[in-house]
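Here the protein sequences line up with chains A and B, keeping their order. Everything in the first sequence is counted per my numbering, starting at 6 for the first residue and increasing by one. Everything in the second sequence is counted per my numbering, starting at 15 for the first residue and increasing by one.
These are calculated hints, taken from the structure and not from any lab test. Yeah, the Cβ is synthetic: ideal placement off N, Cα and C, and Gly gets one too. Watch out, some of these pointers could steer you wrong.
Derived pair list, reagent style DSS-like, types lysine-lysine, alpha-carbon separation capped at 27 Å [said to hold, decoys possible]:
| # | chain 1 | residue 1 | chain 2 | residue 2 |
| --- | --- | --- | --- | --- |
| 1 | B | K60 | A | K29 |
| 2 | A | K317 | B | K60 |
| 3 | A | K259 | B | K63 |
| 4 | A | K47 | B | K134 |
| 5 | A | K29 | B | K139 |
| 6 | A | K163 | B | K83 |
| 7 | A | K29 | B | K113 |
| 8 | B | K83 | A | K79 |
| 9 | B | K139 | A | K583 |
| 10 | A | K79 | A | K102 |
| 11 | A | K618 | A | K523 |
| 12 | B | K17 | A | K29 |
| 13 | B | K39 | A | K29 |
| 14 | B | K60 | A | K521 |
| 15 | B | K39 | A | K37 |
| 16 | A | K55 | B | K134 |
| 17 | A | K79 | B | K113 |
| 18 | B | K57 | A | K47 |
| 19 | B | K63 | A | K37 |
| 20 | B | K39 | A | K58 |
These stretches of chain A come out as covered by chain B in the derived footprint (C-beta under 8 Å, 3 or more residues) [unchecked claim]:
| # | segment |
| --- | --- |
| 21 | 35–48 |
| 22 | 436–447 |
| 23 | 516–525 |
Chain by chain, the residues run as shown.
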Amino acid sequence: MKYDNVINLINDMASNFMVLDGQKVDVPAAGKLLNQLEEVIKEADAQEIKPLKRVATGINSLLEKIVLNAVEQKEGGRAFGEGLIRMQEISSSVKNKGSYDEDIEEYMQSLAELTGSTLEEEEKPGAENDACKVENESPPETGGREEKFEVQDESLLKDFITEALEYIDEIEVNILNLEQDPENTEYVNAIFRPFHSIKGVAGFLDLKEIRDLAHILEDLLDRVRSNELPVNPTLIDIILDGADVLKEMITSLKEILDGERDVPAVRDISKLRHRIDTVDQRIDSEDKAKKLGTILVEDGVITEEALEDSLKIAEGPPRQKVGEALIKGGKATPKQVTGALRKQAAQATNADTIRVDVSKLDDLIDMIGELVITQAMVRQNPVVQGSSDEKLGRHVSQLASITSELQRTSTSLRMVPIKQTFQRMSRLVRDLTRSSRKIATVEVVGEDTEVDRNMIEEIYNPLVHMVRNSVDHGIGTPEERVKSGKPEAGLIQLKAYHKGGNIVIEITDDGMGLNKKKILKRAVEKGLMKESDILSDNELYKLLFLPGFSTAERVTEISGRGVGMDVVKQAVEKLRGKIEVSSTEGKGSTFATFFPLTMAIIDGMIVRVGKEKYIIPATAIRQLLRPLRESYSNVVGKGEMLNVMNKLLPLVRLHEVFDVKPDSENPWDALVVVVEAENRSKCLLVDEVIGKEEVVIKGLGAGLRNIEGVSGGAIAGDGNIALILDPGSLFALSET
Amino acid sequence: MDKNIKILIVDDFGTMRKVIRNLLKQGGYTNIVEAEDGVVAFKELKSQKIDFVISDWNMPNMTGYELLKAVRADGDLPRVPFLMVTAEALQDNVVQAVKAGVDDYIVKPFTAEVLAGKIKRIIEKYDAQ
Chain A
6 MKYDNVINLI
16 NDMASNFMVL
26 DGQKVDVPAA
36 GKLLNQLEEV
46 IKEADAQEIK
56 PLKRVATGIN
66 SLLEKIVLNA
76 VEQKEGGRAF
86 GEGLIRMQEI
96 SSSVKNKGSY
106 DEDIEEYMQS
116 LAELTGSTLE
126 EEEKPGAEND
136 ACKVENESPP
146 ETGGREEKFE
156 VQDESLLKDF
166 ITEALEYIDE
176 IEVNILNLEQ
186 DPENTEYVNA
196 IFRPFHSIKG
206 VAGFLDLKEI
216 RDLAHILEDL
226 LDRVRSNELP
236 VNPTLIDIIL
246 DGADVLKEMI
256 TSLKEILDGE
266 RDVPAVRDIS
276 KLRHRIDTVD
286 QRIDSEDKAK
296 KLGTILVEDG
306 VITEEALEDS
316 LKIAEGPPRQ
326 KVGEALIKGG
336 KATPKQVTGA
346 LRKQAAQATN
356 ADTIRVDVSK
366 LDDLIDMIGE
376 LVITQAMVRQ
386 NPVVQGSSDE
396 KLGRHVSQLA
406 SITSELQRTS
416 TSLRMVPIKQ
426 TFQRMSRLVR
436 DLTRSSRKIA
446 TVEVVGEDTE
456 VDRNMIEEIY
466 NPLVHMVRNS
476 VDHGIGTPEE
486 RVKSGKPEAG
496 LIQLKAYHKG
506 GNIVIEITDD
516 GMGLNKKKIL
526 KRAVEKGLMK
536 ESDILSDNEL
546 YKLLFLPGFS
556 TAERVTEISG
566 RGVGMDVVKQ
576 AVEKLRGKIE
586 VSSTEGKGST
596 FATFFPLTMA
606 IIDGMIVRVG
616 KEKYIIPATA
626 IRQLLRPLRE
636 SYSNVVGKGE
646 MLNVMNKLLP
656 LVRLHEVFDV
666 KPDSENPWDA
676 LVVVVEAENR
686 SKCLLVDEVI
696 GKEEVVIKGL
706 GAGLRNIEGV
716 SGGAIAGDGN
726 IALILDPGSL
736 FALSET
Chain B
15 MDKNIKILIV
25 DDFGTMRKVI
35 RNLLKQGGYT
45 NIVEAEDGVV
55 AFKELKSQKI
65 DFVISDWNMP
75 NMTGYELLKA
85 VRADGDLPRV
95 PFLMVTAEAL
105 QDNVVQAVKA
115 GVDDYIVKPF
125 TAEVLAGKIK
135 RIIEKYDAQ
């Protein structure tokens with residue numbers, strides 16, 4: 006009796022069916038029917054009753070169309086009723102005879118015509134106002150404009166403007182988030198939703214232009230949501246530009262309301278529309294893997310001319326592959342070609358990654374940090390150290406090498422290319438130049454340089470200020486530039502590379518360079534120096550980073566935000582980074598920032614003063630030495646100095662700074678570490694240098710966060726805690 | 015018909031809620047409660063007697079569709095009339111909502127007349143049952 010439930014279901018549907026007889030569709034009843042049909046289809050499929058499945062599927066889509074008012078109701082209802090009767094016939098025939106032999110083709114045909122063709126006669130006169138717009142995008146005109154205008158009072162418009170502008174801000178933030186994390190659908194939704202809402206309300210307020218644009222953008226996002234389009238820079242640019250235009254439209258509406266403008270600005274969105282329409286092709290071409298020839302040219306194996314020649318030969322006759330042509334023509338060795346092929350394959354399989362929650366990654370890296378420490382503690386345990394067991398010794402050293410390898414690998418997990426940050430910068434330059442009537446192109450070098458993901462967020466803000474600075478004070482206006490024989494458009498170069506344990510980010514402009522005289526004048530005005538003082542370029546540029554020091558002659562929209570270079574410097578140093586400035590008058594300036602690759606680990610020198618151990622960041626160390634007695638001097642007014650390679654450097658007694666009892670008070674009995682920070686060097690007096698070690702940085706907790714001279718703590722191999730010295734603030738401390 | 019029924023408007027866009035409120039006022043309905051998403055709406059439904067729900071589909075935290083399903087699945091709540099507001103009559107969305115037990119849907123933008131007509135029809139059907 007396995008067909009009984011199907012038969013019951015169909016009978017039940019037949020008794021419910023009258024709901025379709027009325028003038029309008031009974032939506033809840035239709036919903037019940039749809040659910041029942043779904044069940045019938047499932048059953049028919051499971052029991053392999055093909056004709057039943059076909060009819061049920063057919064009237065299911067018919068009912069969907071009826072619900073959407075896409076099929077004329079009377080006719081649709083009749084066809085639906087017939088379908089139900091057919092289903093009853095089929096199910097009882099299958100139950101009694103085991104099969105159903107009647108022909109259903111004609112009925113299926115009539116169903117197809119009904120559901121397929123009625124779409125065309127959509128906008129019938131007298132059709133209900135909210136009639137289906139399955140494909141049609143224009144709003145229903147019936148019901149009249151006047152009525153829509155009843156809704157539109159001024160306070161509503163004002164509310165809309167305020168809320169919509171807030172939404173656009175939100176959109177912008179989320180676009181930038183999406184750029185950083187293109188796979189995150191939350192961000193796509195968070196961009197889609199406000200566009201959607203703006204469109205909805207704009208429809209009520211009869212703001213056609215705004216509604217249309219919001220609609221286009223919403224559609225675009227919808228395609229991203231359904232994975233039809235990938236998230237990439239082209240797409241991000243389009244959305245950003247779209248959001249900009251939308252913002253302009255709404256702002257101009259506001260200006261009209263405020264009486265600042267009486268005619269709406271005419272905006273041509275056809276270009277944007279075209280870009281959106283062609284977005285598929287653009288994205289396609291962009292995502293394609295690099296060609297073999299291009300890789301070889303980029304790697305400097307062959308010249309472009311050689312490639313062109315070989316491409317011609319490859320086209321034949323006889324037709325051959327480019328690689329083949331290159332090898333035969335003696336332009337490249339087989340090894341070079343296979344190397345390039347391998348590179349190409351690696352690019353193609355770039356997608357071979359998995360996504361992991363960052364917090365999990367952070368936990369993993371933290372745990373490995375702990376492992377490293379514990380491992381070191383085991384290794385340095387007196388019992389282990391004193392043991393003569395050869396096997397134990399071997400295992401312990403093996404453990405050490407595995408842990409350090411593990412640590413290296415784990416930190417590399419969190420490394421991401423700086424590319425997205427650079428893209429955000431480029432965008433920023435575009436926006437800034439627009440508002441300041443300057444022209445600039447951005448050149449990006451080394452965007453694949455990797456840096457810890459946690460660092461990327463931190464370094465963004467200081468970089469933003471420096472880029473602002475370059476646009477505002479660096480490149481100059483088109484007129485100024487032409488006057489000094491430069492092209493109208495300024496060039497801002499963003500460059501990233503690794504150097505030591507640092508990532509270096511250079512921001513270079515081709516403007517007028519820093520005006521030394523102006524800086525000098527300003528410094529004298531501010532009482533920072535006397536006119537007679539002689540400063541090196543380095544010392545001079547350093548003045549720029551002093552609080553309240555600005556050479557901008559006028560406050561512009563950009564620079565008037567109260568953020569000076571001093572804030573930038575502080576931000577950079579907080580990240581254990583530094584800034585270097587170089588400039589040629591008339592040629593331009595370069596601001597180079599050095600950041601550690603990761604915030605989690607520091608390469609440090611462990612030193613001992615009395616019973617205490619300190620860690621000095623290796624990047625800051627210039628020299629280690631045991632001073633001679635003769636090199637020591639106590640200069641009046643300047644304090645204790647050491648002569649290090651014919652330069653007098655101040656001596657900082659760490660034991661005095663931190664109030665501990667040292668082994669030896671005399672520099673010539675102890676050791677000296679020459680440390681550099683903020684472009685100056687000082688000698689730190691220590692008792693012993695224990696060794697170099699990579700240590701995992703531990704915060705000191707809220708209570709001890711702002712201790713001068715110290716940037717954090719670390720657990721040394723012997724299990725004791727050592728403080729990590731912060732040379733910059735240590736210098737300041739030693740001068741008080 | 016009782017114009018004093020308590021209507022809950024659910025939409026994340028404040029201006030949109032105001033638009034619907036104004037349209038309802040034109041139709042004579044003034045007893046109105048608002049909620050900014052499905053989560054808040056569900057709380058309102060649980061804490062007071064609501065006679066009619068007008069909900070947007072697309073909202074953060076809890077969409078209109080999710081709200082509809084939650085309301086219909088909750089054994090303690092009486093079957094409350096539920097009108098879904100959609101942007102276009104996207105076939106998938108509408109069919110989904112219909113199957114989940116929505117009483118009707120309305121496509122943005124709509125007039126006060128159409129809205130009042132929908133409400134009236136739904137209420138009459140409830141009264142007849």
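When the structure is checked against the list of hints, which entries are broken? Sort them ascending. Of the numbered hints, 1, 2, 3, 4, 6, 8, 9, 10, 11, 14, 15, 16, 18, 20, 22, 23 do not hold.
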